[in-house]
Amino acid sequence: MTHEHDPRPEDLKQRVWESIQRDELPPQDDRGRMRLVMNNLVLHLHPSKVAKPTLKFTYTWGLGGLAILLVALLAATGVMLMFVYTPSPETAYQDMLKLQTEVWFGQLVRNVHHWSGNLLLIVAFLHLLRVFFTGGFRTPREFNWMLGVVLLLLVVAANFTGYLLPWDQLAYWAVTVGSSLLSYVPLIGEGLRNFLLGGPEVGAATLTNFYGLHVAIIPLILMGIVSFHIWRVRKDTLSVPHKLDGMVDGTEGTQVEKVTTLPHLVSREMVFALVMTGAILLWSVWVNAPLEAAANPDHSPNPAKAAWYFMGLQELLLHFHPTFAAIIIPALAMGALILLPYQRFDLSAEGVWFRSRKGRQMALVAALNALIAVPLLVVLDEYVFDLAALLPSLPTLISNGVLPLAAILLLLIGFYDGMKRLFKASACETRQSVFVLLVVSFVVLTVIGIVFRGEGMALMLPWEVL
Amino acid sequence: MAAKDLSRRDFLNIAWGAAGALALVEAGGVALSFFSPRIVEGEFGGVIEAGTADSFPVGSVTPFTQGRFYLVRMQDGGFLALYRKCTHLGCAVPWNPAEGRFVCPCHASAFEMDGQVINTPAPRPLDRFAVTIVDGIVKVDTGTPIQRDHSNPNELVYVEMAT
Numbered sequence: 001m002t003h004e005h006d007p008r009p010e011d012l013k014q015r016v017w018e019s020i021q022r023d024e025l026p027p028q029d030d031r032g033r034m035r036l037v038m039n040n041l042v043l044h045l046h047p048s049k050v051a052k053p054t055l056k057f058t059y060t061w062g063l064g065g066l067a068i069l070l071v072a073l074l075a076a077t078g079v080m081l082m083f084v085y086t087p088s089p090e091t092a093y094q095d096m097l098k099l100q101t102e103v104w105f106g107q108l109v110r111n112v113h114h115w116s117g118n119l120l121l122i123v124a125f126l127h128l129l130r131v132f133f134t135g136g137f138r139t140p141r142e143f144n145w146m147l148g149v150v151l152l153l154l155v156v157a158a159n160f161t162g163y164l165l166p167w168d169q170l171a172y173w174a175v176t177v178g179s180s181l182l183s184y185v186p187l188i189g190e191g192l193r194n195f196l197l198g199g200p201e202v203g204a205a206t207l208t209n210f211y212g213l214h215v216a217i218i219p220l221i222l223m224g225i226v227s228f229h230i231w232r233v234r235k236d237t238l239s240v241p242h243k244l245d246g247m248v249d250g251t252e253g254t255q256v257e258k259v260t261t262l263p264h265l266v267s268r269e270m271v272f273a274l275v276m277t278g279a280i281l282l283w284s285v286w287v288n289a290p291l292e293a294a295a296n297p298d299h300s301p302n303p304a305k306a307a308w309y310f311m312g313l314q315e316l317l318l319h320f321h322p323t324f325a326a327i328i329i330p331a332l333a334m335g336a337l338i339l340l341p342y343q344r345f346d347l348s349a350e351g352v353w354f355r356s357r358k359g360r361q362m363a364l365v366a367a368l369n370a371l372i373a374v375p376l377l378v379v380l381d382e383y384v385f386d387l388a389a390l391l392p393s394l395p396t397l398i399s400n401g402v403l404p405l406a407a408i409l410l411l412l413i414g415f416y417d418g419m420k421r422l423f424k425a426s427a428c429e430t431r432q433s434v435f436v437l438l439v440v441s442f443v444v445l446t447v448i449g450i451v452f453r454g455e456g457m458a459l460m461l462p463w464e465v466l
Numbered sequence: 467m468a469a470k471d472l473s474r475r476d477f478l479n480i481a482w483g484a485a486g487a488l489a490l491v492e493a494g495g496v497a498l499s500f501f502s503p504r505i506v507e508g509e510f511g512g513v514i515e516a517g518t519a520d521s522f523p524v525g526s527v528t529p530f531t532q533g534r535f536y537l538v539r540m541q542d543g544g545f546l547a548l549y550r551k552c553t554h555l556g557c558a559v560p561w562n563p564a565e566g567r568f569v570c571p572c573h574a575s576a577f578e579m580d581g582q583v584i585n586t587p588a589p590r591p592l593d594r595f596a597v598t599i600v601d602g603i604v605k606v607d608t609g610t611p612i613q614r615d616h617s618n619p620n621e622l623v624y625v626e627m628a629t
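Protein chains in written order, with the working numbering: chain P, 1 to 466; chain L, 467 to 629.
Fair warning: there could be bad hints in the mix.
To be clear about the criterion: a stretch of chain L counts as covered by chain P if any three or more of its residues have a C-beta under 8 Å from a C-beta of chain P, and this derived list gives those stretches [to be verified]: (1) 542 to 556; (2) 571 to 578; (3) 585 to 599.
The set of hints was computed from the structure by calculation and includes no laboratory data. No residue lacks a Cβ here, since even glycine has one placed at the ideal position from N, Cα and C.
Could you put together the complete structure from these sequences and hints?
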């Protein structure tokens, strides 16, 4: 019987290292670089080669990667916060005070968590806009767009459940107002709200429920879907940026050059992640997360505002019957958003910012329309029209819900038709202009809610705000 | 359905599928019951003794913080217990004695002394709790808020006159 000897040298140190890192480090050639990406647990989320034009920063703006970085920061700081916080009405607010005064770097860790959470909402939203305006959701990426919308909703849910945990006045009443929106879901709304809150009002059971959702359920689902989302990007690759004349951006022709992920993509990601981590740390050193007086269920502050990302919704609530503002309009918007990539799409528009030259002009016109029309409608509704008073015989569900929504849908159809004729545009370009109109409207409503609503939620005119 | 057409393989597949679906429903049921709200502890949710009927002057609104309601005594002497939670989005509605009405700080809903809506966006009057007066003592059952579309004089409870 012969013994086969291991051909490798017997040096123990080298054998241990090679058992951990199998590929040569640093890799000597492109084959080595590609193999390193393939065999590395973290790096293999990327393909081994990527199209060079997609590396251009002003195409993706690094938004997807930034969202991942923020999730990582949130996980790290969130786990730290779990060690100094007890979710009960007796202790929660005291723990927040201790966190800010007794725990070393407690305020900083809380600030990073708070600001990263808020920034993640904005970044996820901008990421959605980027993908929409460059046509990145086209076949075969429709389902990944849908997952992206689900992820955005999960980020909202994570923010909302986290909002309650400091147990201050801001938290208590924002969650009271926010969860009451649920009770307008027909038939099951009241039960749904009571289930979520663990009772008829925000209380001890709510804090326990939200804590469990915030630190376990939502992060778990979020991480699972994020992994799937990235894996799909790896499978489907990024859409390639194109210029208006149909040429691939960054080249003279239509050929797409490919480069190895390592170092071209990874080094860019690392630089961006470092810069953003630095920026968030710097911001968190200087700007503290808000903490108001301890929660007092007997006294609603005036004005009691929802969290800033719900202010668009809250502004809608001032104009529509709650069933419409809180349920029907958001449901219609979400349904339309999810089905967007299944609409017909101009082949030449993929990778082109705002579809085409015409698309850009139309987007601008739509944005201007929303910037003028929405404040006008808000002011008209506040001071001039009162449909409920004009039509006292009708239930407010009709006079404040069905009628104004029908009017707005008619206006939208008119806008679609008018834009299509005016610009002799394709359905794809016109649909984009309607999307711009709605997104800008939502942003304007949010700004009105945050800035221009004062005591008793009365409208303040610009010169009264200052 | 013709039982003969069902092959053994199909039957087993359906049986497995059905058993799996049943298990999922059961697990869902367990989770739902596990997470369902526990009984509200403390004073709120039970019957609260507000005090003797004589101690509340006519035309008065008395807040009960623990019970989360206002005991209203109308001009004609009738009692009404109003849940302080705004029917719009759940804020605590304070009584404004100067204006003689409830005004919600959150979205400016306003209610009359009997809970009737003066100012939208509130979709319905303030919810009420059942009031009983036994031996001159006013008791309020805070267990179930009673929703209503309009305030109604029949809802008022009076001290029974000794005959």
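Hint check results:
1. 542 to 556: holds (count 4)
2. 571 to 578: holds (count 4)
3. 585 to 599: Result for this restraint: holds, n = 3.
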